[in-house]
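> Sequence:
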Amino acid sequence: MLLLRRISRLPASIDRGCAVTIGGFDGMHVGHQEVLGRVLKAARERNLAALVFSFEPSPKEFMARGAPPPKLMTLREKCASLNAAGVDALYCPPFNDAIRTLSPDDFMRKLLAGLLNAWHVIQGPGFRFGYQRGGGMDELAAGGRKLGFSVEQAPPVSVDGERVSSTGVRRALAASDLAQAARLLGRRYCMGGRVIHGLKIGAAKLGYPTANIALKGRVSPIDGIFAVRVHGVEDEPLAGVASIGYRPTVGGTEKILEAHIFDFSGDLYGRFLDIEPVAKLRDEVHFKNLEELRVQMDRDADQARELLRAA
Numbered sequence: 001m002l003l004l005r006r007i008s009r010l011p012a013s014i015d016r017g018c019a020v021t022i023g024g025f026d027g028m029h030v031g032h033q034e035v036l037g038r039v040l041k042a043a044r045e046r047n048l049a050a051l052v053f054s055f056e057p058s059p060k061e062f063m064a065r066g067a068p069p070p071k072l073m074t075l076r077e078k079c080a081s082l083n084a085a086g087v088d089a090l091y092c093p094p095f096n097d098a099i100r101t102l103s104p105d106d107f108m109r110k111l112l113a114g115l116l117n118a119w120h121v122i123q124g125p126g127f128r129f130g131y132q133r134g135g136g137m138d139e140l141a142a143g144g145r146k147l148g149f150s151v152e153q154a155p156p157v158s159v160d161g162e163r164v165s166s167t168g169v170r171r172a173l174a175a176s177d178l179a180q181a182a183r184l185l186g187r188r189y190c191m192g193g194r195v196i197h198g199l200k201i202g203a204a205k206l207g208y209p210t211a212n213i214a215l216k217g218r219v220s221p222i223d224g225i226f227a228v229r230v231h232g233v234e235d236e237p238l239a240g241v242a243s244i245g246y247r248p249t250v251g252g253t254e255k256i257l258e259a260h261i262f263d264f265s266g267d268l269y270g271r272f273l274d275i276e277p278v279a280k281l282r283d284e285v286h287f288k289n290l291e292e293l294r295v296q297m298d299r300d301a302d303q304a305r306e307l308l309r310a311a
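In this note's numbering, the protein residues as written are 1 to 311.
Hints are computed from structural coordinates only; laboratory data are not their basis.
You may find that some hints are simply not true.
What the hints assert, rightly or not - With a cut-off of at most 25 Å between alpha-carbon atoms, the simulated DMTMM-like pairs for lysine to aspartate or glutamate come out as follows:
hint	residue 1	residue 2
1	Lys280	Asp177
2	Lys255	Glu292
3	Lys60	Glu45
4	Lys288	Asp298
5	Lys280	Asp160
6	Lys280	Glu254
7	Lys110	Asp223
8	Lys288	Asp302
9	Lys288	Asp267
10	Lys255	Glu61
11	Lys280	Asp223
12	Lys146	Asp160
13	Lys60	Asp15
14	Lys146	Asp177
15	Lys216	Asp298
16	Lys280	Glu306
17	Lys255	Asp283
This one's a predicted model, so the numbers in the text were calculated from it and none came from an experiment.
Given only the sequences and the hints, what does the whole structure look like? Please build it.
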């Protein structure tokens, strides 16, 4: 899959025309999967490239100005997920004031018809675009008739009577309802990144070496201590326990993901790992000293082993 960030024209490999969908695709939940299935079907039937048009940072992040909302996926994770789905290209420019102030007509003329050579555009319900979200499906269809692309609206997707959305997934995760999040996503939620060097307090003073993953400004939708499965170390996921938080007992100020893998002693620095929370054990707590923390970590590890054996 091609990742296109700042381009003035499409690469030759996909300039035959595109079936396009526009959106954040944060989490790649079952609603996103419905839209993507239609994009891929339209692309195959019309001999077009299947293209997803997103923004990084997203409009919500850009408008938040220093207080970004939680994200379910990094750009790397989104690329991997879209590639696995069979998408040919992700056009992902940074959202900025120039794009924010485009009228709906200019958005369609300059970006959809002009830059991306869209032949067919597929959107889910509630789609809005252009300056102050002034355009919707009616404006998109009218613009398509003028500019030469067809428009299709994908139906809403519901799970347990709830319309599926990235906001709903974040809400379920914030409530530690991992089962509901999995139903909305169509799979278990994972988060990950590259293993970095930490303070080595876990290994040297607590007896629990950890794989530390910096969240790099990503606002995690979950916090606390979890029983986890760790993907990316061996062919099969490994059992462990993880902390997502600020490490108040050791004076931490930056949110980090720390995972201890049971019965493992290899070097993981620089590796990309995916951490799958299976069950929440407790909230993060500020302990008086490291000995109190170690005793609690023993309890956490025992509880996590038991939960993972039963899961």
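> Lys216 and Asp298: Cα distance at most 25 Å?
violated, 29 Å
> Next pair to validate is Lys110 with Asp223; report whether the Cα-Cα distance is within 25 Å.
violated, 42 Å
> For the pair supplied as a hint, Lys280 and Glu254, is the alpha-carbon distance within the 25 Å limit?
holds, 21 Å
> Decide if the proposed pair is consistent with the structure: Lys280 and Asp177, CA atoms, cutoff 25 Å inclusive.
holds, 9 Å
> For the pair supplied as a hint, Lys60 and Glu45, confirm whether the alpha-carbon distance does not exceed 25 Å.
Violated, at roughly 34 Å.
> Hint check: Lys288 vs Asp267, CA-CA at most 25 Å. Holds or violated?
violated, 31 Å
> Taking 25 Å as the top limit, are the C-alpha atoms of Lys280 and Asp160 close enough?
Given pair Lys280, Asp160 holds - Cα atoms ~23 Å apart, limit 25 Å.
> Please work out if Lys288 and Asp302 have their alpha carbons no farther apart than 25 Å.
holds, 22 Å
> Does the structure keep Lys255 and Glu292 at a Cα separation of 25 Å or less?
holds, 21 Å
> Is the Cα-Cα distance between Lys280 and Glu306 25 Å or less?
holds, 13 Å
> Need the status of pair Lys280, Asp223: alpha-carbon distance at most 25 Å?
Holds, because 9 Å separates the two Cα atoms, which is no more than 25 Å.
> Taking 25 Å as the top limit, are the C-alpha atoms of Lys146 and Asp160 close enough?
Not OK: Lys146 and Asp160 at ~40 Å, beyond 25 Å, violated.
Checked against the numbered hints given earlier, this structure breaks hints 3, 7, 9, 12, 13, 14 and 15; the rest are met.
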